[in-house]
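S.K.: Sequence:
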Amino acid sequence: MDVILHGFPAHLQRELESTARDKGAKLEALLPGTVESRCEIHRRHRLGPERACRVQLTMHVRKRILRSEVKGPDAKAALDAAVHKMERQIERFKGRRRHVRRMSKEEARQFVETVPPVSEDYEDVGDGLIVREKEFTVQPMAVADAVETMEQLNHDFHLFKDQDSGAIHVVYRRHNGNYGLLRPRDG
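Counting from 1, one number per residue, gives the positions in the sequence shown under the numbering used here.
Bear in mind the hints are in silico, worked out from the structure with no lab data behind them.
Bear in mind that the values here come from a model prediction, so they are computed numbers and not experimental data.
Any given hint could turn out to be false.
[Said to hold, decoys possible] EDC-like cross-link-like pairs, simulated, lysine to aspartate or glutamate; straight-line CA separation at most 20 Å: (1) Lys134 with Asp164; (2) Lys71 with Glu148; (3) Lys76 with Glu135; (4) Lys134 with Glu28; (5) Lys85 with Glu69; (6) Lys23 with Glu40; (7) Lys26 with Glu40; (8) Lys63 with Asp186; (9) Lys94 with Glu148; (10) Lys76 with Glu40; (11) Lys76 with Glu15; (12) Lys161 with Glu151; (13) Lys63 with Glu28; (14) Lys63 with Asp74; (15) Lys85 with Asp164; (16) Lys161 with Glu148; (17) Lys94 with Asp74; (18) Lys63 with Asp80; (19) Lys26 with Glu69; (20) Lys76 with Asp22; (21) Lys94 with Glu40; (22) Lys94 with Glu17; (23) Lys85 with Glu135.
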């Protein structure tokens with residue numbers, strides 16, 4: 001497991017890095033086939049004492065990403081909580097892989113709501129600035145797998161390449177708890 005520490009004195013870094021590597025090895029043993037795993041521990045006093053430490057664990061396995069993030073006052077306690085959260089995700093992931101069933105195209109259409117047309121009633125918020133750019137590899141997958149990945153990452157949307165058509169699609173979580181699917185087409 002790659003361990004990245006920010007904002008800690010040298011004597012704490014060695015101890016934290018050793019602890020994180022040990023816990024990471026146990027997580028990797030739970031999930032054979034892990035391609036990459038990473039632990040980032042940040043310490044920022046300006047966030048307040050309850051959120052001074054942030055631990056983020058990320059594991060790449062079989063074209064999936066499992067992620068847990070915990071904020072807390074103490075790095076070791078936050079690391080323990082993040083590991084516990086990741087263990088639950090691993091168990092859920094392993095259970096889903098055992099009981100996976102591919103959806104037919106009709107089931108996928110019923111599973112994902114169609115996107116309503118965009119209304120012209122929007123509020124102008126002024127000039128927006130792009131404050132972050134991110135590049136990533138787009139994986140070919142089914143719609144149900146994209147929704148599962150979005151849920152595992154705890155994101156509101158997920159961009160993916162449709163395994164049948166090869167087209168780029170976006171699944172997203174709607175306010176009513178259902179999901180939507182965006183399918184761009186040439187204009």
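S.K.: Each hint: holds or not?
M.R.: Here is how each hint holds up against the structure:
no., hint, in the structure
1, Lys134 with Asp164, "26 Å, violated"
2, Lys71 with Glu148, "24 Å, violated"
3, Lys76 with Glu135, "31 Å, violated"
4, Lys134 with Glu28, "27 Å, violated"
5, Lys85 with Glu69, "8 Å, holds"
6, Lys23 with Glu40, "13 Å, holds"
7, Lys26 with Glu40, "17 Å, holds"
8, Lys63 with Asp186, "28 Å, violated"
9, Lys94 with Glu148, "13 Å, holds"
10, Lys76 with Glu40, "12 Å, holds"
11, Lys76 with Glu15, "10 Å, holds"
12, Lys161 with Glu151, "17 Å, holds"
13, Lys63 with Glu28, "16 Å, holds"
14, Lys63 with Asp74, "32 Å, violated"
15, Lys85 with Asp164, "33 Å, violated"
16, Lys161 with Glu148, "14 Å, holds"
17, Lys94 with Asp74, "30 Å, violated"
18, Lys63 with Asp80, "26 Å, violated"
19, Lys26 with Glu69, "18 Å, holds"
20, Lys76 with Asp22, "13 Å, holds"
21, Lys94 with Glu40, "24 Å, violated"
22, Lys94 with Glu17, "27 Å, violated"
23, Lys85 with Glu135, "27 Å, violated"
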